[in-house]
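Using the sequences and the accompanying hints, generate a full structural model.
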Amino acid sequence: MPVSLNYIFKRIILSILVILGVIVFSYLLLMLSPGDPAVKWAGNPRGPGATKAIELAREELGLNKPLYMQIVNFIYNFLTGNLGLSIAYKIPVSQVIVSGFAATLELMLFTYFFSVPLGIWLGIYSAINRGSRIDSFIQSISIILASTPTFWLGSLLLLASNSLTGFFPYGRVSSKLALSTGFTPITGFYLLDSLIQGNIQVFIDVLVRLIPPALTISVYPIGVLARVTRTLVAEALLEDYVRAAVAWGIKRKTIIRQFVLRSIVPPVIQISGLSFVYSLVDAMVVETVVFGREGLGSILIDSLHKADFRVTLALAVYLTAFYIIVNTLVDIVQATIDPRIRL
Amino acid sequence: MLLPTYYSRIIYRNLKKTRFKIGVGISTIIVVLAIIAPLIAPYPDEGYGYIPADAGERKLVPPSIEHIFGTDALGRDLFSRVIIGTRTAVIQAVSVIFISLIIGMLIGVCAAYFKGIIEITLNYFIELFMAIPSIVIALFLRLTIGQGLHVVIASLVITWWAWYARISYVYAKSVVELEYVVLAKLSGLSALKIIPRHVIRNIFQALTVQAISDLGSALLEASAINFMGLGLPSGFPEWGVILYEAITERGIEAFLRSPWLVVFPGILILVTTLGFSLVADPLREDLDPRLRRRWKLWF
Amino acid sequence: MVLAIRAENLKIGYLDEEEEQVVWATRGVDLNVEEGESFCLVGESGCGKSTLASAIAGILPPHALTMGKLYIFDQLVIDDSKRNYNGIRGKIVGLIPQNPGTSLNPFLTIEDHFYYVLKDSKNMNKSESRKIAHEYLLKVGLNKDVLEKYPHELSGGMQQRVLIAIALASNVKIVVADEPTSSIDANLRAQILNLVNSLVKEFKVTLFIVTHDLASAGKICDKIAVMYAGRIVEMGPTSIITNKPRHPYTKMLFESIPILGWKRALNPLPGEPPNVIEEITWCSFRERCPLKIEICNKEPPLMLTDENLHFTRCWRFKEVS
Ligand SMILES: Nc1ncnc2c1ncn2[C@@H]1O[C@H](COP(=O)(O)OP(=O)(O)O)[C@@H](O)[C@H]1O
Ligand SMILES: [Mg+2]
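Residue numbers (the working numbering), protein chains in the order written: chain U, 606 to 948; chain W, 29 to 327; chain F, 39 to 359.
If you're looking for bench data, these hints aren't it; they were derived computationally from the structure.
On a predicted model such as this, the values are computed, not experimentally measured, just so you know.
Do not take every clue at face value.
When the alpha-carbon atoms are kept at most 20 Å apart in a straight line, the in silico EDC-like pairs for lysine to aspartate or glutamate are as follows [stated by the list, open to error]:
1) W:K324 <-> U:E844
2) W:K44 <-> F:D54
3) W:K44 <-> F:E58
4) W:K324 <-> U:E664
5) U:K856 <-> F:E166
6) U:K858 <-> F:E149
7) W:K324 <-> F:D54
8) W:K45 <-> F:E56
9) U:K615 <-> W:E155
10) W:K45 <-> F:E55
11) F:K129 <-> F:D150
12) W:K324 <-> F:E55
13) F:K164 <-> F:D150
14) W:K44 <-> F:E55
15) W:K45 <-> U:D740
16) U:K856 <-> F:E149
17) W:K324 <-> F:E57
Reference listing, derived: stretches of chain U covered by chain F, where coverage requires no fewer than 3 residues with Cβ under 8 Å from a Cβ of chain F [what the hints assert, rightly or not]:
18) 631 to 642
19) 840 to 851
20) 854 to 861
Backbone N, C-alpha and C define an ideal beta-carbon position, used for all residues, glycine too.
Following this line, the structure appears as structure tokens:
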């Protein structure tokens, strides 16, 4: 699909509108769902301080003003990162989300670092051996991988790791080790942080603990990319320019590299982007409940237990924004790669 | 071509493929199980979540002849729960897909058919709802309206309809530009007639294939929501809920002591999802005639 | 006299999607193309022209079945079901594809196209290939800027010229052109055909050209073969075929050509070509033939080659001319 600069400009405008839209949508959810919005905003407080907390929430939301003013106010607060303190954590909501993002993103990037190339490779290999036994095998494997419930697989991996190696990869880093070596988080990406501090022990510990959850999350991107890449390569091989290249005597290896694989790069990037945002939710499901790691998953669980609407709404907005930003970036990258698009 | 003959031709053509046959086999078994589940479950009441009178003596029994999948922490027969859970699985997946498909198709087709401001607005909402993760919607609904099947289905439908709307929009866009549709429009035929007669009929095939292939993902997402404790309440006959009770509620260490609670429901989720995908995959490949042939690298 | 292309009872069919039936696209083609000759294949669409051209260029798809023999300069490339184009593609036979718009890789510049072709057929490096590319682009009437361009930046006519240059650049001995003018503007067609013609003459290349455009084919070709339903029904030197056709089908084909300037009342070919699935030994044209007689239903058509190497497959050749 040819994309133009104009299209990209439109995408960016649309992204901004969508992010504003999801802020409005979350506010309306808060207003229109059953229950007093002020009570919800205050986190269903009980006990002596409750009335005061609810009063405060009412003021914060500006519930005595007309609805559109409330919405404008809410958008303003959101954009300025001024959503008040999280009920569950007692620190500013945006700070909560950012710290969780770093942890989950580290896991995600680590996962995609190996699963995207692996998935693509499987797909290519399977397509150029199409019809063979190895192709059937790869197809079956990738369809099974994409059908696996990750939270289940994660538990089994944990069980396997525990009973085979005696190691129980729970949490992001051994707190004993972190304390004894004086490891302190800086960016929230522990791999990076430990490297910066030259703390190899922690680095290895963090790495080892990343592997089981990363393997768990990787099944979806591997499965999906293998399947999609296979179809894309199969389609590309039917292009007229591949036939022409064959007739001109270009060698098979060159045809595959320069004629077939080049053309699948933009759609593969697009699929990887889509699957990345899908896997983010996957990561949220497994990282905390199964692997005891902090991250967006633990934020989700804590918001559930503490009825933290502020964080819930912030999650909705930030995750949507993340989705939109990743997709827009993917579109722009795609457009730069494709020579048919003049930037 | 008549739709039934069209589908029977496709099915005939694909029945030669082993994977398709396996998929049809699995899906049929799952659907039949869903229908007759209470007849098969040895302890149907426990399957529905009732705690047996003698619960104290049979908590967390490992798989045995009497309880082939073992029992859970409240002494319920796991096999019965898993079998009855088939029904919930099918209901969840099918209703999410069906409702989303209907809503999405109508909105997508309208966006393609009515140009101008309607098209722009609808596309904006499609874009918006596609971007919101269903798990957060589930959390929100869980906090405001509580738990239940409707919560799971609603939180998935709220985002999934947009996906079908997008697909319908893309397909319908090319259909509404076909000459005879334009002519029908010019001749004053009302949209109410043109849309079902020409537009929807033309895009229906591709959409149904897409819907079938999404059944598995819907099941995976629904059970993930339940696994997090966001959808169905504890004790509900649903695979994600059983896993929730085994892991989320009791902590991961507890699972190490009673792994059967996790292994069996998980396998069923996997097999069911796999069955749906195996049916859908060849059908999807069939939509692209160029890919139908058996093929090998020839140069 | 050296034969560049020789086909002996060449049959090519395609397996259908269910892999149950074979659609035969050519059903026994015998043909000789001499070195240096321009050979033209004409016929209605669907009669198997592209299939034959693909067989010579070595790009039959994997679901194609072959029988009979095909030689390219004495190398047996099709030997019944065995196909072996080692050392042929790009070295002896080059291709000018049918659709210029889709036959160039949209992700590569024109320079890269030349580079990959010349690297693999002539072991050239980037700068050598650039020099050759430049030289050949000049020959097809394009200038150097085209090298840096991507295919979509060129017009259809320019793309076709580039394709001609690529096909010739690796010094092939035979060029196969499958309807090289079918998808470009009508006013450019004659130009492109003349260009192809002058270049093949200049490089002494054998040209195997498939075309609809009978009028121009007559101008540039030494020999014409007329194909009908997978068989060659008439073949011979151009002047004979155009002036004194002996097959009723050839006559009908020529009568349906619009003549330049004023359009003769178009005489569309009546009837439909026969279904290619059936095995036919009788004259496949007889249902549509205005001159059909008793014997046409009884016996396979008479095959006759006269002293001018004029071949016909018809009982009624005398009545036609
Ligand atoms: N790649 C293919 N796969 C299957 N059938 C084909 C293929 N190419 C051509 N055919 C069939 O072979 C016959 C001859 O086609 P073709 O050689 O393209 O004719 P022409 O070039 O004279 O129009 C047609 O009936 C066509 O349907
Ligand atoms: Mg053709």
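Which constraints among the numbered hints does this structure fail? Numbers only, ascending.
Numbers 4 and 18, in rising order.
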